[in-house]
Amino acid sequence: MRKTVLILAGVVVLTVLTAVLHFAHVEPVAVFVVAGAALGGLAWVISIATESVGDRFGPAVTGALQSTLGNLPELFIVLFALSAGELVVARTSIMGSLFANGLLVLGLTIIAGARAAPDGVMRFRTRLPQDTTTLLLLTIAIIVLLGLSDQVGDRASKHATTISVIGAVVLLVVFTIWLLDYLRSDEPAEEAHSEKARSPLPFKAAIAVLAVSGLAAALVSDWFVEALDPAVKSLGISKAFTGLVIVAIAGNAVENVVGITLAAKRRSDLAISIVKNSVAQISAFLFPALVLCSLAFDTRLTFVLTPVFIGALVVMAVAMWQITGDGRAIVFEGAALVGAYIVLATLMWYE
Amino acid sequence: MRKTVLILAGVVVLTVLTAVLHFAHVEPVAVFVVAGAALGGLAWVISIATESVGDRFGPAVTGALQSTLGNLPELFIVLFALSAGELVVARTSIMGSLFANGLLVLGLTIIAGARAAPDGVMRFRTRLPQDTTTLLLLTIAIIVLLGLSDQVGDRASKHATTISVIGAVVLLVVFTIWLLDYLRSDEPAEEAHSEKARSPLPFKAAIAVLAVSGLAAALVSDWFVEALDPAVKSLGISKAFTGLVIVAIAGNAVENVVGITLAAKRRSDLAISIVKNSVAQISAFLFPALVLCSLAFDTRLTFVLTPVFIGALVVMAVAMWQITGDGRAIVFEGAALVGAYIVLATLMWYE
Amino acid sequence: MRKTVLILAGVVVLTVLTAVLHFAHVEPVAVFVVAGAALGGLAWVISIATESVGDRFGPAVTGALQSTLGNLPELFIVLFALSAGELVVARTSIMGSLFANGLLVLGLTIIAGARAAPDGVMRFRTRLPQDTTTLLLLTIAIIVLLGLSDQVGDRASKHATTISVIGAVVLLVVFTIWLLDYLRSDEPAEEAHSEKARSPLPFKAAIAVLAVSGLAAALVSDWFVEALDPAVKSLGISKAFTGLVIVAIAGNAVENVVGITLAAKRRSDLAISIVKNSVAQISAFLFPALVLCSLAFDTRLTFVLTPVFIGALVVMAVAMWQITGDGRAIVFEGAALVGAYIVLATLMWYE
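Chains as they are written, first to last, in the working numbering: chain A, -12 to 338; chain B, -12 to 338; chain C, -12 to 338.
Please keep in mind that the hints were generated in silico from the structure rather than gathered at the bench. One or more of the hints may lead you astray.
Straight-line C-alpha distance at most 30 Å; calculated DSS-like pairs for lysine-lysine [to be verified]:
{"id": "1", "chain 1": "C", "residue 1": "K191", "chain 2": "C", "residue 2": "K(-10)"}
{"id": "2", "chain 1": "A", "residue 1": "K(-10)", "chain 2": "A", "residue 2": "K252"}
{"id": "3", "chain 1": "C", "residue 1": "K(-10)", "chain 2": "C", "residue 2": "K252"}
{"id": "4", "chain 1": "C", "residue 1": "K226", "chain 2": "B", "residue 2": "K145"}
{"id": "5", "chain 1": "C", "residue 1": "K145", "chain 2": "A", "residue 2": "K226"}
{"id": "6", "chain 1": "B", "residue 1": "K252", "chain 2": "B", "residue 2": "K(-10)"}
{"id": "7", "chain 1": "B", "residue 1": "K145", "chain 2": "C", "residue 2": "K220"}
{"id": "8", "chain 1": "A", "residue 1": "K(-10)", "chain 2": "A", "residue 2": "K191"}
{"id": "9", "chain 1": "C", "residue 1": "K226", "chain 2": "C", "residue 2": "K145"}
{"id": "10", "chain 1": "B", "residue 1": "K145", "chain 2": "B", "residue 2": "K226"}
{"id": "11", "chain 1": "A", "residue 1": "K220", "chain 2": "C", "residue 2": "K145"}
{"id": "12", "chain 1": "A", "residue 1": "K145", "chain 2": "A", "residue 2": "K252"}
{"id": "13", "chain 1": "B", "residue 1": "K220", "chain 2": "A", "residue 2": "K145"}
{"id": "14", "chain 1": "B", "residue 1": "K226", "chain 2": "A", "residue 2": "K145"}
The following block holds chain A by itself, in its conformation from the complex:
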């Protein structure tokens, strides 16, 4: 409880500091760094508050709420990027979150989990990995079809927005069907156990924290995106690398730490569940929701991506499925996922 309050205070300080730096018009690199840290902290606060609110509803609802609201900062980053006309930042943020979760975090979680297991084999239920693969494959189906149509430049490529909207609706419907079924078939055993391990806030306090931190996340995201462009220019880092690696790791820092810590404590199912839920949500909920939201902006987000991203997505989906689909994973499999992320990050460095 006390530790929670201390960290909360730290996040408040970071948020206020971001505001001060932003309005003082200091060097954008400083705003960028502090805002990134504040966003990571806010994601953690939202995750804690949701968990506390979720005590009223049971563990599966909590898990789903947690992932959904935990993605709030990313949602705001992409929305502000779109309203600022920064389509490349918007796209790379979404892709970056997917790759950070599906390759880096999953890989590190597997390494931690397999090292903690007495026989070196991390074991977990196969339901969620399989379902995540299915959702990811549907997103990829839309992305591959639109991407190839765009590359060829055929007639359909001129209707990418319309097709993306229909694809987004299809994805959201399938995601909803899945989520309802997933929540219904909840097996509380391990997750209920986890609830006690943490020390959540009282219900009313949690609601208040949720509202405030949600608002703060929106503001900080705005300042973060505003500082991004000049900061990156003065640092000489490519925009693709910033979006795909820096923003992605900042925006998913908490999920990452929680996932890896749980895996090291041999709570394999919960660890895998957090990482996989995140991947499922980003690909089949956040991405299509943002495509629909972007209809309100001048800059439209579609499912059209560059070939390198499409290739990386396909390889990631197949690798995730191959490695986690059998409910067993060993150290080298985690290392292979991390390795793929390193190569991808290297490529983005030079873009």
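Guided by the hints, dock chains B and C onto chain A, whose structure is given.
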């Protein structure tokens, strides 16, 4: 028995009506619609007649015969399209049949089967899904290699016909090896059961019906393809959409209804078997057979396809494998397959 | 023992003959053919000698050593090709070895194994097939990312060498982690059995044979590559076909014969292990090691490949996984792999 005779009469009426409309040179849209309905009916008649003939041979042979002859109308459509120089219609018909069966029908069958199951999980043997994936992967190997060679425009791309012919022979050999082994390892339990459920025709009547309906299918296909071009133009629908969606759903209507009905009756294995057999046959028998047949025409059919079709094929094969390879499927997985089909159909609408 | 000595003598004769023909400047086709046969023989000698040396270390170390040193001739071929500036030969040799092992040899091994099994189903442990798929997927991730970047011609494509070097280091690290774990978790049952079946050389003799045959392999590879260019020209065969099919089958002849023979004797696990180890080594050890070695030459080897090779690699990896991932394989699955190889070889013939 009585119901069968009534439906038979309906199909005869539709077929005669198509002939009348065709020779009366009425509005092509009318010919197109009636011929489409007649083709669907003839497919059903051929399926019933084959089943009755198959009583002499046992269930596995029946199933194989049923799929093979059930694809007769599609075979004729493609042949007539090729002889009329309509390469796009020929290609999209084959692709459309694959996508209709592998995405739409499989998806609906899974939804029906999972809803009928007491625990919401449709269960079936994994042998056929795995074998179908293998056959589909071999077809895709040929298509991907030729497609990439064609896109790059390297030296081999000038020999696409020769390479396609060798690929077709390879596919037919592998398909034959598979079919012989599959028929030999037949497990009649459920299928034998199914035989009694229907009321087949007497052997001699069945043979006669088979001959007549085969001939009728050939004629109606010819008229259908002839009416296709002007009908589509006056309706303002893209040719790709017509071939890929309308012709495909008409040509596979019966398999569809039978598959979904069986799944709803919890006869999962038989339902999956009909859909999967259809996919296996089209990809590894009908397609290569048509490539070889087309050597007799001026318009050669090869395995060279547009990138969008190649991408859709690869995604479909992987999704089918991922969803049915474990012998279990739930509602959202069926919804994902149907969703992928909707997105593909939308794309084709704009081509 | 006696048979071994006789074959050894034959290999010595072939090697000497290659030297004589090379320095006598005879028709390059003759040098090419004799050198190819000598290389095959030297691969076999190295494999026997390694096995004998390995008696000191146990079966898993032996297997790993055997594959590694068995790939020596290929290593030299590629090195000499690179130093001669023959980038196409270098690349196609590596790809050819992968395809020969992963499609042709695996397919023939499965056909032999399934035919030998009483119920027509070859059964084997799934660990190695799964691990090989993971390693292959990591290699493919690098190749796909670089290949797409190269096709698009984006900024990163100008740094293909740097990215390849980082990718190579990542691959070697992951491969080492895997190998150490694989050797540690060795299950000697069957492999120990195999040791007695053969008649290995005494330890010191084996060391001597190893040194001499390694040196001989280096020399013969040099002459082979030198004769390649004029020989292929005078035969009128495409360079791609030579590298991908002829060199590949010559360089892997022994693994092939051993794998198929073991499968026919129902030693499924060992047979699959040799083929899979070979694929894993080439993709995750030999290829990245050669990328690093090539830094010493003017001609740099990168992971950038032509689209046809990338497509073939992806299809091969998925097919290998789909067919062997479940620990069971039947005749038609082997036939499908061989069929894919035939189509690939046909395509290369026309390049």
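Now the hints, each set against the structure:
Distance restraint check for K191/C and K(-10)/C: the Cα-Cα separation of roughly 19 Å lies within the 30 Å cut-off, and the hinted pair is therefore satisfied. Proximity of K(-10)/A to K252/A is assessed by CA-CA distance (about 20 Å); at most 30 Å being required, the pair is judged to hold. At most 30 Å may separate the alpha-carbon atoms for a hinted pair to count; K(-10)/C and K252/C meet this at roughly 20 Å. Of the supplied pair hints, the one linking K226/C and K145/B holds, its CA atoms being roughly 17 Å apart against a limit of 30 Å.
Taking the CA atoms of K145/C and K226/A, the gap is near 17 Å; set against the 30 Å cutoff, the hint holds. Under the criterion of a C-alpha separation no larger than 30 Å, the hint pairing K252/B with K(-10)/B is consistent with the structure, at around 20 Å. A threshold of 30 Å between alpha carbons decides the hint, and for K145/B with K220/C the separation of about 21 Å falls inside it, so the pair holds. Of the supplied pair hints, the one linking K(-10)/A and K191/A holds, its CA atoms being roughly 19 Å apart against a limit of 30 Å.
With a C-alpha separation of about 27 Å, the suggested pairing of K226/C with K145/C holds against the 30 Å cut-off. Distance restraint check for K145/B and K226/B: the Cα-Cα separation of roughly 27 Å lies within the 30 Å cut-off, and the hinted pair is therefore satisfied. In summary, the hint linking K220/A to K145/C is supported, as the alpha carbons are separated by about 21 Å, within the 30 Å threshold. Under the criterion of a C-alpha separation no larger than 30 Å, the hint pairing K145/A with K252/A is inconsistent with the structure, at around 51 Å.
At roughly 21 Å between alpha-carbon atoms, K220/B and K145/A fall within 30 Å of each other, so this suggested pair holds. A C-alpha spacing of about 17 Å is found between K226/B and K145/A, which places the hinted pair at or below 30 Å, so the restraint holds.
Against the hints set out earlier in the document, a violation occurs for number 12 only.
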